[in-house]
Structure formats: C-alpha cells, structure tokens
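Letter by letter, the sequence shown follows residues -17 to 253 in my numbering.
Just so you know, the hints here were simulated from the structure itself, not pulled from any lab data. What you are looking at is a predicted structure, and each value in this text was computed from that prediction instead of being measured. Incorrect hints may have been included.
[As the list claims (entries may be wrong)] Per label pair, the in silico range of CB-to-CB distance: (1) Glu221 with Ile101: 17 to 23 Å; (2) Ala136 with Ala105: 26 to 32 Å; (3) Met227 with Phe96: 17 to 23 Å; (4) Leu74 with Gln194: 28 to 34 Å; (5) Leu140 with Leu242: 37 to 43 Å; (6) Ile101 with Lys230: 34 to 40 Å; (7) Ala105 with Glu169: 24 to 30 Å; (8) Pro127 with Met207: 40 to 46 Å; (9) Gly139 with Gln194: 20 to 26 Å; (10) Ser104 with Arg226: 28 to 34 Å.
[As the list claims (entries may be wrong)] Each computed DSS-like pair below joins lysine-lysine, with the alpha-carbon atoms no more than 25 Å apart: (11) Lys233 with Lys170; (12) Lys75 with Lys170; (13) Lys75 with Lys168; (14) Lys230 with Lys168; (15) Lys168 with Lys250; (16) Lys170 with Lys250.
Beta carbons: idealized from backbone N, C-alpha and C, even for Gly.
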Amino acid sequence: MAIYPYAFTVCSVDKDTQAAHFRREPIESWIYIALIAFLVAGTIKGTLGVGLPVAAVALMAQFIDPRLAITLMVFPILFANTWQFFRARERLKIAQQHWFFAFTLLISLSTATFFTSRISTSALVIFVGIVIILFSLTNLIFNPPPISDRLDRACQGLFGVISGITGGLTAIWSPAIAIYLIGRGKEKDDFVGISGFLFLVGSIPLCIGFWQNGMLTGQTALLSMGMMIPTLIGFSIGEYIRQRMDAKRFKSLVLVFFLLMGINLIRKGLI
C-alpha cells in the first residue's frame, strides 16, 4: 500500500483485537503540521539539549490524533538519543551507575505501551497535557530536594517507573529523569550524557511496543523516519541560536509556551 498521497491520520481501536488502526486521509491535511513541529522541536533540542518529544508531541497533538503524534516520535527519538549518548564521555561508567534506573524504565515503559492504543483519545490528550505541564513546571519553578547516595538506588527505581509509564503512554519521559538528575546535582555534561543514556534505553522498547500494539506499521515507520530530516535541520538551527542568544531567556519562553499548550490539551480533552 502506497503512503502517498495518503497517510494514516486518525487512530481507532478494534473492539475485538484491541489493535490500533489509522484512517487514510490526504497527506496535505496534516503533513505540514508534522514537518513544522519536528523542525521547531529539533531547534529546541539543539538549543537546550532537551525537549524534542515534548515540543513535537505538544504541537502535533493540538491538530492531529495524539496517537499518530506519539508514533511519529519513535525514530527521531531513537536517532537523537543515540547521537546524544555516544557523544558523551565515560559511557560505560554512566551505564554502570544507572543500570537500575534503566532497568525499571525498560520494564515499565514496555508495559505502558500495551495500553497506549487501548485508552480513549480524550483521556490520552489529557494525560499528554498533564505530562507537558509537569515538564514545564519542573524546569520553570521546581527545585527538587537533593538525593543522597543512600537513597539513590530507591530513587532510581521510583523515577524509572514514573518515566516508563509517561514514556510508554506519551513518548515523553523527560520530567522524571530531569527531577532525578537535578536532585543528584548533576552538572551540564553529566546531565546530557546520563539523560541521553536513559532516553536511548527507553527508545528501544517504545519502538518495539508500538509495533506490537499496531501503532507502528510499515507506513507510519517510514513517515517517522522521514521526520528525522526536519529534526536534523532544527538541530543545526538550534546550535546556531545557542551560540548567539541568551539560552536562559529562550528556555523560559519555550517552557511558558509548553505550559500554555499543555493547558490547552487538557481543555480539549475535557470538552
């Protein structure tokens, strides 16, 4: 079945098989939104080092089915976080110190993807909105308490489970990871390296889980791969911006924008 000039845009769930299905509609009705969303998301990622799935899903979910928005994130997330982790220093040390976080993230995210195609669209929209608001507030005003070495293993398990649940349902698992790393007092380079490792670990079961529940098909996989192009262009733009403007000011503006989009998604889900 050819992708063009059609693409899967609206998700439904088969009552008997519980598999997710997308309805064919003219690609012109939404493809430009997706391209712009990934360009903007890549720019934010290139500037701030975080925010790729939050930006892309938040923008697309305003206009298209949230399941499609989440599915399109699979390969850009996998690519971006592979690139981010393998540019980090002391990769083996990072993996050894955070294997328990990665393990609990892996298990909980794999489980959560099973339910993504089964919950109602309105509930998913509301949940996406809540996660985006949590991400915004975490970075805008919340200063988590320090996490001691004694509590580190327990906190890795707790935040790993939280990250996995939000990641499996929305493809956004950065809020809990950010809270944990800030609580551990990680500096910028360590923050980027560790988050890249954990994001990469989560990307693999996300891809497998969405394939198993029927959301990631041959057509949607190709579309997701295609979205890596505007993401890469956005990365380049973001790196240019980062060198020439106040990153803190840019970050604050972006987070306020995310906050407003999250509120709007909750409003849409409640209507």
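Status of each hint after checking the structure:
With their beta carbons about 37 Å apart, Glu221 and Ile101 fall outside the hinted range of 17 to 23 Å. Distance hint for Ala136 and Ala105: a CB-CB separation of about 30 Å, consistent with the stated range 26 to 32 Å. Taking 17 to 23 Å as the suggested C-beta distance range, the pair Met227 and Phe96 does not conform, at roughly 42 Å. Taking the beta carbon of each, Leu74 and Gln194 are about 31 Å apart, inside 28 to 34 Å as hinted.
Under the hint 37 to 43 Å, the C-beta atoms of Leu140 and Leu242, about 29 Å apart, miss the expected range. A beta carbon spacing of about 37 Å between Ile101 and Lys230 agrees with the range 34 to 40 Å that was offered as a hint. At about 38 Å, the CB distance of Ala105 to Glu169 disagrees with the hint of 24 to 30 Å. For the pair Pro127 and Met207, the supplied restraint of 40 to 46 Å holds, since their beta-carbon distance comes to about 41 Å.
Taken as a hint, the range 20 to 26 Å holds for the pair Gly139 and Gln194, whose Cβ atoms sit roughly 25 Å apart. Judged by the Cβ atoms, the range 28 to 34 Å given for Ser104 and Arg226 is violated: they are separated by roughly 42 Å. Proposed proximity of Lys233 and Lys170 is supported: the alpha carbons are some 15 Å apart, at most 25 Å. A hinted pair counts as satisfied when its Cα atoms are at most 25 Å apart, and Lys75 with Lys170 qualifies at roughly 16 Å.
The suggested pairing of Lys75 with Lys168 holds, with an alpha-carbon distance near 14 Å, which does not exceed 25 Å. At roughly 18 Å between alpha-carbon atoms, Lys230 and Lys168 fall within 25 Å of each other, so this suggested pair holds. Simply put, Lys168 and Lys250 have alpha-carbon atoms about 37 Å apart, too far for the 25 Å limit, and the pair is violated. Proposed proximity of Lys170 and Lys250 is contradicted: the alpha carbons are some 36 Å apart, above 25 Å.
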